[in-house]
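Asker: Sequence:
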Amino acid sequence: MQINVKDDAGLWVHLPRPAQRIVSLSPHLTEMLFELGVGDLVVGTVSYADFPKQAQGIPRIGNAFSVNVEAVVELAPDVIIAWQTGGANRALQKLRSLGYPIYINEAPSLESIAASVRKIARLVGQEHRGGELADSFLTRLAELRQEPGGKRLFFQISDENLYTVNRTHLI
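By full-length UniProt numbering, the letter at position 137 of the sequence shown is numbered 137, and the numbering carries on one by one without gaps.
Quick caveat, the hints were computed from the structure, so don't treat them as lab data. Any given hint could be a false lead.
As the list claims (entries may be wrong) - Derived lysine-lysine pairs resembling BS3-like cross-links, with alpha carbons at most 30 angstroms apart: (1) K119 <-> K6; (2) K53 <-> K119; (3) K94 <-> K6; (4) K119 <-> K94.
Please read all numbers here as calculations on a predicted model, not as lab measurements.
Go ahead and model the full structure; you've got the sequences and the hints to work with.
Answerer: Structure, rendered in structure tokens:
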């Protein structure tokens, strides 16, 4: 069963069958894979990918900004799922040149998270579960948008080089 999915960078990812060995290069992607019911297929991930608790036992191959290419190669993944903004671009270029299929995820809006869930679900053969999760997410998002606003919030990201986000940013 050939799988073809266009990633968020506009590139096609081709797999001969649903992925059975996955390297996830971002904590949010690791969480998504567990929500899809395929956390046991994640053979490598990055620092801070510690939720759900089962993710803590997955081998670490770097962090969102620096990936150990040799460690990834040793894991022999069917697909590598990466966050475009993560910053491990040099490692991703090397892994792509070695022939590894790489799916790039970038969700610029809350609505696009649902599309990401559906596409990643297709890569791992969980289209039905992905559809359920995406629909549930969009329903809850619509409900939240109906609630009265007006509350102001400060979300501090770091103590070093203090910075925050505004209403146009997505964390």
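Asker: Each hint needs a verdict: does it hold in this structure or not?
Answerer: Structure-based check of each hint:
A threshold of 30 angstroms between alpha carbons decides the hint, and for K119 with K6 the separation of about 8 angstroms falls inside it, so the pair holds. Restraint check for K53 and K119: satisfied, since their Cα atoms lie roughly 25 angstroms apart, inside the 30 angstroms limit. Distance check on the hinted pair: K94 and K6 sit about 20 angstroms apart at the alpha-carbon level, within 30 angstroms; holds. Only pairs whose Cα atoms come within 30 angstroms are accepted, and K119 paired with K94 is accepted, the gap being roughly 24 angstroms.
In this structure, none of the earlier numbered hints is contradicted; all agree with it.
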